[in-house]
Amino acid sequence: MPPSAAGFSLTQSVALVWRTLRSMRTALILLLLLALAAVTGSLIPQWPNSPERVLQYQAGHGLWGAFLQRAGAFDVFGSWWFVLITVLLFVSLVACLVPRTRATWRAVRQRPIQAREIDAFRHYRTIAVAAGPPEAVEASRRVLVRHLYRVARAEGTGDPTALAAEKGAAREVGSLLFHWAFILLLFGVIFGKGTGFSGYAVVTEGHTWVDARANYDGQIRTGRFFGGDFTGVGIHLRSFESDFRDTGQPMDFVSHVDLLDPQGNLIRSQDIRVNHPAKIDGLNIYQTAFGWAGVLEVRDGDQVLTRQDLVLSREPAPTGVPAFAMPWHGVLKVTSVRPQMAIEVELYPDSRALAQQLQTQQPVPMLVAYDPVISYKVWRGRLTDPSPTSLDTTFMKKTAEGVVGGGLTADLRTGKQLDPGRAAGGLTMSFPDLRHYSVLQVTRDRGVPIVLAAAILILLGLLPALYTSRRKVWVRAEAHGEGSVLQVGGFALQRKPQFEAEFDKLVEAIERAIDDGGSTTRVSDGSDREKVGSR
Amino acid sequence: MTDLQWARISQDLFNVAIFSYLAAMVGYFAYLAFQRDLLWKLARAAAGLGLAANLVSILTRGLAAHRVPWGNMYEYSALLACLVVGGYLIVVEGIYKVRSLGGFVMAFAILTMAIASQFFYVTPGPLVPALNSYWIKIHVQAAIWGSSLFALGGIVTILYLIQDRRERKQVDALRSQEPPPIMGASLNLDAPHDLVDDAGAPMSAATTGRKRLPSAATLDTLAYRLIAFAFPIWTFAVIAGAIWAQEAWSRYWGWDPKETWSFITWVIFAGYLHARATAGWRGRKSAWIALVGFVSLLITYYAVNLWIVGLHSYKGF
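As you go down the protein sequences, you meet chains Y and B in turn. Numbering-wise (this note's numbering), the first sequence opens with residue 555 and increments by one. Numbering-wise (this note's numbering), the second sequence opens with residue 81 and increments by one.
Residues from chain Y that face chain B, not an exhaustive set, calculated with beta carbons under 8 Å: (1) A592; (2) S752; (3) Y840; (4) V1005; (5) I1012; (6) L1013; (7) L1017.
Label pairs and their computed distance ranges (CB to CB): (8) Y:P602 with B:V202: 26 to 36 Å; (9) Y:R573 with B:G128: 47 to 57 Å; (10) B:V202 with Y:S796: 15 to 25 Å; (11) B:R255 with Y:W601: 55 to 65 Å; (12) Y:W601 with B:V106: 44 to 54 Å; (13) Y:A766 with B:K217: 38 to 48 Å; (14) B:F99 with Y:E795: 45 to 55 Å; (15) B:V106 with Y:D1058: 39 to 49 Å.
Straight-line distance between alpha carbons at most 25 Å, and here's what the computed DMTMM-like set of lysine to aspartate or glutamate pairs gives: (16) B:K177 with Y:E1054; (17) Y:K970 with Y:E851; (18) Y:K721 with Y:E692; (19) B:K217 with Y:D806; (20) Y:K833 with Y:D806; (21) Y:K833 with Y:D815; (22) B:K217 with Y:D797; (23) B:K177 with Y:E1056; (24) Y:K1050 with B:E173; (25) Y:K931 with Y:D973; (26) Y:K931 with Y:D987; (27) B:K177 with Y:D1058; (28) Y:K1050 with B:D244; (29) B:K217 with Y:D825; (30) Y:K833 with B:E327; (31) B:K177 with B:D117.
Think of the hints as simulated: they come from the structure by calculation, not from any bench. Positions of the beta carbon are idealized from the N, C-alpha and C atoms, including for glycine.
Okay, chain Y solo, but in the shape it has when bound (with noise of 0.2 Å):
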């Protein structure tokens, strides 16, 4: 009944919009508009997994691109609407569960209800047997029982000559808990995530790295709750090693570590690998990167004006081009002397790839360090760009370029490399090591068990949700000359082919049962066979 436009009050509203919550019809459609939700967000590039790839497509479609960004499409699963659908489901989950519960509780503490017509029933048997009346519906209470039903006696009369049965009770039972346990999911998520932060930790072979702010890599990702907490822990790259097989397809990366505490003291030593993170104070670190940094040291005659592990990073390799095929980049600034100097690097790590490389002109991957190469381009003038990696050339002047082998010594002024054992003056550079470095990924997500709890749960109550089914047993004995005829009728709520057998048999347990006490005569064989078949 629709209220009419002026009486159409603000409870009723609500009351409406509440009980359109609750039908299963609405929560069905709300699933199927996730479902869709989800398709554009696979479909269109995602800013969180790949932003390059949105700036591609936004750049590659004009208008349209535009107004995508508009919508929230490219952060689909963190966009407004999504949120709205998933609150409006939740909403209505809820909605539906609440009363459910309540019935289920109720439900399940009743016990089962007598019937007034046993006859009425989709399966209806009646048995002649020996036994009096309270004999014979006891025999049947035990065979029941030992079947997993709930059976009661006639309530408030004391009837000692009906029963009623239940069992499948699990069925209502599994799917409450199979839905519950996504609010639980939704409460995980929320919290791990609210609290938790992500972000990179570059850590060189020989260095310690601790968790802190200031010294992680880049951005770090923040959950709206996370309270600055980080935890000092220390990382202690000891070495990093990385194997390939002949093809250049990584096998395994492994950073050996020691993990300390805030004080810098031991905790223990561990091997981090792809699939093994180590997991320390609640913080996961996981294997995520590698690459290679320079030991490079810059003087003026005995003068050290510069003496660093330079992280090089790797040049995207055009397509077709091996990953590993490529150079290894970096700059390093020294800003005490006047004018101000920037030396360009390149490494190439395998000086035999390299040299195979020049040679077939194909590109061949660089995996291992071997006889290291460094090329250098020096730049002299005023340093304006203030990040440690890239470089602004607009106020510097090249002075000088060449190359520096691993162990060696170039003049920086005249871009020759020097012999080795000769002593160095003036501006030079040496490339002393080559060292690894590793990028750790640093997490924690205090919300993972909840959500693995969740998870189980659902599972747990999927199981019986689908695949128990509920029965109704009703059971009455009327006196009959020496004996009792027993009135049997049952009904099934699912799977209802398979309870015409289940129910033969039982109606056959309780006979046997019976027999045990006494002979029994069949009264109405036959006749209700047909009967089953005909309702």
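Knowing the structure of chain Y, use the given hints to seat chain B on it.
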């Protein structure tokens, strides 16, 4: 034997399996057309032979690669075909005694394997580090079992829709011939199948002489059973995948295309199960949902690996 020889045997048996399935398909369809028991027996024998070849091919592939034989799309496809055919022979023909669906199942298996050998073949070798985990045994196994049962359910659903349409037409024809009974109607033509007590009875009356496919009610129940069987397995596969992702990729869920599509498939089949319990959505409407789920499963399996870039798209999964 050397790895190369094992790989060779595996490949040969793969082809034997395809051709046996092809023969079985022809046999099953001939059985549908001519209803001769001999044809069915021959088809079944061919299917059995194909299944054996398929199985041994998978095992030898594992021997050649020194690892579980489901490390990439090619291997996954072979296993999927094997489980769909095996599941059909055991569940549909064995337990439900429905013989007439074989041709369609074989067609699915052939298509899966043909696409695999055409587009996905790679020589057996070790796995990339991210796949090298014991979770590959658990997660991928569950995903294959779930998909093969969903696929069977999808095939049966298509046949249900065909048969249902045919039956409705016949019922309409019947109704236009006979005046409707006035009282105590013995034939309730309007009731949906699952509300009619003995669903088969009135329908078989309407379909006498055309018993090539099982009744729509039988197909409907069968499809439901298969999907209800597959659903928890799929749920488990998604959960196992999430646990693995937490170990390998640092988060249990990141809306990677494969994750997204397995979620979409899950949601659609969850919708199907709910629809079957909702008045007004039973029968054809829920069957259409199952069909959409089937399409979503195929997208999860093929499209995500081939066209959508994500973490799962290293020539493996």
